[in-house]
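Participant: Numbering (this note's numbering), first residue to last: 118 to 214.
Be a bit skeptical, because a hint or two may be false.
[Said to hold, decoys possible] For lysine to aspartate or glutamate, the following EDC-like pairs were computed, each having C-alpha atoms within a straight-line distance of at most 16 Å: (1) LYS145 <-> ASP167; (2) LYS141 <-> ASP119; (3) LYS141 <-> ASP169.
[Said to hold, decoys possible] Taking CB as the label site, the calculated pair distances span: (4) GLN122 <-> SER168: 17 to 27 Å; (5) HIS162 <-> ALA133: 25 to 35 Å; (6) ALA125 <-> HIS155: 40 to 50 Å; (7) CYS134 <-> SER158: 36 to 46 Å; (8) GLN122 <-> VAL142: 17 to 27 Å; (9) CYS129 <-> LEU154: 37 to 47 Å; (10) GLN122 <-> LEU154: 41 to 51 Å.
Hints in this document: simulated from the structure, not taken from any laboratory.
Each residue gets a CB set at the ideal place from its N, CA and C atoms; glycine is no exception.
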Amino acid sequence: MDDSQCPASMKCCSRACFRQCIHKVSVKSGSCPEDRLHCLSTVRHLCLQDSDCSGSKRCCPTACGRDCRSPLQGTAPGPWAGLPLAEALRQLPVRHP
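Can you build the whole structure from these sequences, using the hints too?
Facilitator: This is how it looks when you write it as structure tokens:
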């Protein structure tokens with residue numbers, strides 16, 4: 118199974134011991150700013166993923182839940198956060214079909 122067998126809004130991915138079509142996840146450029154505050158109220162999520170946020174804003178973890186924030190530009194998202202984008206791209210694993 119490969120991407121050509123999935124609907125346009127989905128991608129073929131490995132799940133456990135098989136491959137299946139799952140919805141594509143949109144990840145915007147830049148990384149989330151660090152939030153050093155401690156929450157004194159209940160946790161409240163105002164977004165779940167980047168596509169919930171307008172424009173270039175990202176859905177970022179904050180002290181009191183997730184919220185749409187302007188990203189730090191020129192840095193990589195996810196586990197490479199804080200690295201210049203070019204450096205993060207060099208560290209990506211190479212996948213062979």
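Participant: Please go over all the hints and tell whether each is borne out by the structure.
Facilitator: Hints, verified against the model:
Under the criterion of a C-alpha separation no larger than 16 Å, the hint pairing LYS145 with ASP167 is consistent with the structure, at around 7 Å. Between LYS141 and ASP119 the alpha-carbon distance is near 14 Å, which keeps this suggested pair within the 16 Å criterion. Proposed proximity of LYS141 and ASP169 is supported: the alpha carbons are some 13 Å apart, at most 16 Å. Separation of GLN122 from SER168 is about 23 Å and conforms to the stated range, judged on CB atoms against 17 to 27 Å.
Distance hint check: the CB atoms of HIS162 and ALA133 are about 27 Å apart, consistent with the given range 25 to 35 Å. For ALA125 paired with HIS155, a C-beta distance near 43 Å keeps the hint of 40 to 50 Å intact. The supplied range of 36 to 46 Å is met by CYS134 and SER158, whose beta-carbon atoms lie about 43 Å from each other. Judged by the Cβ atoms, the range 17 to 27 Å given for GLN122 and VAL142 holds: they are separated by roughly 19 Å.
Restraint check, CYS129 to LEU154: a C-beta distance of roughly 40 Å satisfies the suggested window 37 to 47 Å. The supplied range of 41 to 51 Å is met by GLN122 and LEU154, whose beta-carbon atoms lie about 46 Å from each other.
Checked against the numbered hints listed earlier, the structure breaks none of them; every hint is satisfied.
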